[in-house]
Structures are given as structure tokens and as C-alpha cells.
Amino acid sequence: MKLGLIITSYNDEDTLKKAIQSAAIFKKKKISLLR
Amino acid sequence: MAHFNKKNLGVASSRNIGIKLCHNTDYISFLDADDKILPNFSNVISNKNIYGDLIAFKFDYFFNNKQEKNNFYKEDRVLEGKDIEEYFYKYLTKPNKHSLFTTCWAKLYRTKLLINNKSLYFNEKLLICEDTDFVFRFLTKSKNIQYINESVYLHVLGIAKENLYKLTFGAKLDTRNQISFLTVVESCKNYFIKNGHTSSEIQNRIDHCTDAYTIIYIIRSCVRINSLSSFISTYLFWKDIYNKNILSSKMLNYSFKRAEGHWLLPFLIKKKMYFIAILTAFYICNKRYL
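Chains as they are written, first to last, in my numbering: chain S, 1 to 35; chain D, 1 to 290.
Hints in this document: simulated from the structure, not taken from any laboratory.
For every residue, glycine included, the Cβ atom is placed at its ideal position computed from N, Cα and C.
Check before you lean on any hint, since a few could be wrong.
Across the chosen pairs, the derived CB separations fall in these ranges [claimed, not checked]:
{"id": "1", "chain 1": "D", "residue 1": "Leu279", "chain 2": "S", "residue 2": "Met1", "range": "50 to 60 Å"}
{"id": "2", "chain 1": "S", "residue 1": "Ala24", "chain 2": "D", "residue 2": "Val156", "range": "17 to 27 Å"}
{"id": "3", "chain 1": "D", "residue 1": "Lys20", "chain 2": "S", "residue 2": "Met1", "range": "17 to 27 Å"}
{"id": "4", "chain 1": "S", "residue 1": "Met1", "chain 2": "D", "residue 2": "Asn65", "range": "30 to 40 Å"}
{"id": "5", "chain 1": "D", "residue 1": "Glu150", "chain 2": "S", "residue 2": "Ala24", "range": "42 to 52 Å"}
{"id": "6", "chain 1": "D", "residue 1": "Glu80", "chain 2": "S", "residue 2": "Met1", "range": "20 to 30 Å"}
{"id": "7", "chain 1": "D", "residue 1": "Phe62", "chain 2": "S", "residue 2": "Met1", "range": "43 to 53 Å"}
{"id": "8", "chain 1": "D", "residue 1": "Glu201", "chain 2": "S", "residue 2": "Gln21", "range": "46 to 56 Å"}
{"id": "9", "chain 1": "S", "residue 1": "Ala24", "chain 2": "D", "residue 2": "Ile246", "range": "41 to 51 Å"}
{"id": "10", "chain 1": "D", "residue 1": "His262", "chain 2": "S", "residue 2": "Ala24", "range": "25 to 35 Å"}
{"id": "11", "chain 1": "D", "residue 1": "Lys143", "chain 2": "S", "residue 2": "Met1", "range": "15 to 25 Å"}
{"id": "12", "chain 1": "D", "residue 1": "Asp240", "chain 2": "S", "residue 2": "Gln21", "range": "36 to 46 Å"}
{"id": "13", "chain 1": "S", "residue 1": "Ala24", "chain 2": "D", "residue 2": "Leu264", "range": "43 to 53 Å"}
DSS-like, lysine-lysine: derived pairs with alpha carbons at most 25 Å apart [claimed, not checked]:
{"id": "14", "chain 1": "D", "residue 1": "Lys172", "chain 2": "S", "residue 2": "Lys2"}
{"id": "15", "chain 1": "D", "residue 1": "Lys112", "chain 2": "S", "residue 2": "Lys2"}
{"id": "16", "chain 1": "S", "residue 1": "Lys18", "chain 2": "D", "residue 2": "Lys66"}
{"id": "17", "chain 1": "S", "residue 1": "Lys17", "chain 2": "D", "residue 2": "Lys112"}
{"id": "18", "chain 1": "S", "residue 1": "Lys17", "chain 2": "D", "residue 2": "Lys172"}
{"id": "19", "chain 1": "S", "residue 1": "Lys18", "chain 2": "D", "residue 2": "Lys112"}
{"id": "20", "chain 1": "D", "residue 1": "Lys166", "chain 2": "S", "residue 2": "Lys17"}
Assemble the whole structure, with the sequences as input and the hints as a guide.
Right, here's the structure in full:
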């Protein structure tokens, strides 16, 4: 399954950073599952 | 990963950009930056038989450093039309207590259905309640709806002053956004009408829900009060809403017992004692949220 994950964040550095980290972790996990 | 840093678009508009960017996927899911996807999400979607237009997952709340579990259904199941109607009847009775379909996260949406029905996109005029409105309209178009009884999402609830920055409270938005729930209730009504009910069959429930939401949002709108002038403007806003009959102060079909709410605020509204009503709401708001 190809999943599009849409993350919305406030315009401040901290939450934006957290959001990008969440996305990166999820992508890594998904790749490891596909291998 | 695509990263767009467009400022001040509003959450509905930002999510719509995301939907267009995800046009070549099978499903779309949403994550709010202050929430968390639980580590089992990938395994759950890989191991379960996912085929519906809309898949709703169990989710947990994080509040006061504790994870609180929700209980919607006891097991995985396909939700038929009667299940969705049953859900809506419960929702219309207590709109703040039945949250399975009032949030856009912890769900998978079939991308094709969204891309082929632009009318299902987020309503960009709404800055509050836009997610509930989106899910209700998506439910109206969904043929197969699945519920997966595994928590995959952690929704972090704000504590005290954090609520000032939560979009749900719209403390930084124009006060008129506090009545966005009227669009949501209309979307719920449309679900029933598209499924063969007449407007008059459900109007009493719709009226009750509208009044229950009004009480909720009168209280929530008090989060913004930090001075005498902000108190006065909040009071004048609600007074104006009732004076212009945008909402009826008669609250004929509202029952605070059914809504499990307090009796005092609806009593004051019915008596048109708006100033004391806002004072009461301000007191409740401080006790509940701040």
C-alpha cells in the first residue's frame, strides 16, 4: 500500500521540527517493512 | 518527503495542498504536528485486510502525562449504514463525547475517492471544526467503512495555557469562527438526507446538537479572554448572534441532561441574560481549560 501522510504544523520552529522528525521515522519504518 | 513551508494558509488549505501532492498514493492519512503516530501503525496497516474507502482506527489521548484509552467498538468490524447512523445519533446527543468521526487523524482515506470528488476536500472557509466537516462529508461518499480496534495514534491534549495555542480553541482567530459548528451540523444532516431520511425526522436531534455545540463553543470562546475589553467583545459577539437569530435563544429541543451538560448556562441563555451567561462561561472555561 502506498500511503500519503500529510502533516500540518504551526509556524514555529519547534513543532515543525517535531513534525519532520515524525515523518522521517515513519518513512524509515515503512521502508524496513518493505524490504 | 515533500516539505512545504507556506505560512498562514490555514489548516484546511494546507491539508488540501497535501491531498493534491499525494494524488499517486492508495490512501491518505493526517498527522497533527503536536500528536504522535504510535510505532505499531506500520505493522497494523500491513497486517490487516485494508480495503475500505475509509478506515477508522482506535486512538488514545495523552493528558496530564497519562495515556488514556478510548473504547469505540470491541473488535475490528465493517461499519454498515445502520452503524454510522447509530454513531450519528449518539454524536448528535453529545457532540463532544463521541469522537470517532469528529477528527480527521487516526484514519485512512482512499485517495482515489478524494481526487475524483473535489467537493470532498477540506472547506477552506472553516478554520475550526474543518476536520469534523471533512470526515462527515467523506462518510457520505464512502461505500465501505472499516473500524480497526488497535490504537495507532496519540492525540496530545493541551494543558492550561497550552490551549491558547491549540487551533481547536481558535483563540487567535476572529470570534465568528466559533460558530463553524453550524456547517458541521449541516454536513451531518446531509448524511441523513442522502441516506433516505427527511429533514423533519431528524430536525429535533439537529437542533439539540446545535445548542449543545453552542454551549461548548461559548465556553471555549472564553479561552481568549485576557482583559476587560476581550470579555466585552466576546459578550457582544454572542449577544449579537442571538439578537440576529443566527442561533435561537429558545433552545426548544435542547436537553442539558441528554447532553450531560450543566443546567445553568442554557438557563441563562433562555432568559436572554447574556452578560451573566458569558461570566459563567468564563468561570467554567478557566476551571476546565486554563
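The hints, checked one at a time:
no., hint, verdict
1, Leu279(D) - Met1(S): 50 to 60 Å, "holds (53 Å)"
2, Ala24(S) - Val156(D): 17 to 27 Å, "holds (19 Å)"
3, Lys20(D) - Met1(S): 17 to 27 Å, "holds (20 Å)"
4, Met1(S) - Asn65(D): 30 to 40 Å, "holds (34 Å)"
5, Glu150(D) - Ala24(S): 42 to 52 Å, "violated (23 Å)"
6, Glu80(D) - Met1(S): 20 to 30 Å, "holds (24 Å)"
7, Phe62(D) - Met1(S): 43 to 53 Å, "violated (27 Å)"
8, Glu201(D) - Gln21(S): 46 to 56 Å, "holds (49 Å)"
9, Ala24(S) - Ile246(D): 41 to 51 Å, "holds (45 Å)"
10, His262(D) - Ala24(S): 25 to 35 Å, "violated (45 Å)"
11, Lys143(D) - Met1(S): 15 to 25 Å, "holds (18 Å)"
12, Asp240(D) - Gln21(S): 36 to 46 Å, "holds (44 Å)"
13, Ala24(S) - Leu264(D): 43 to 53 Å, "holds (49 Å)"
14, Lys172(D) - Lys2(S), "violated (36 Å)"
15, Lys112(D) - Lys2(S), "holds (12 Å)"
16, Lys18(S) - Lys66(D), "holds (20 Å)"
17, Lys17(S) - Lys112(D), "violated (30 Å)"
18, Lys17(S) - Lys172(D), "holds (22 Å)"
19, Lys18(S) - Lys112(D), "violated (29 Å)"
20, Lys166(D) - Lys17(S), "holds (18 Å)"
Violated hints, in rising order: 5, 7, 10, 14, 17, 19; the structure is consistent with all others.
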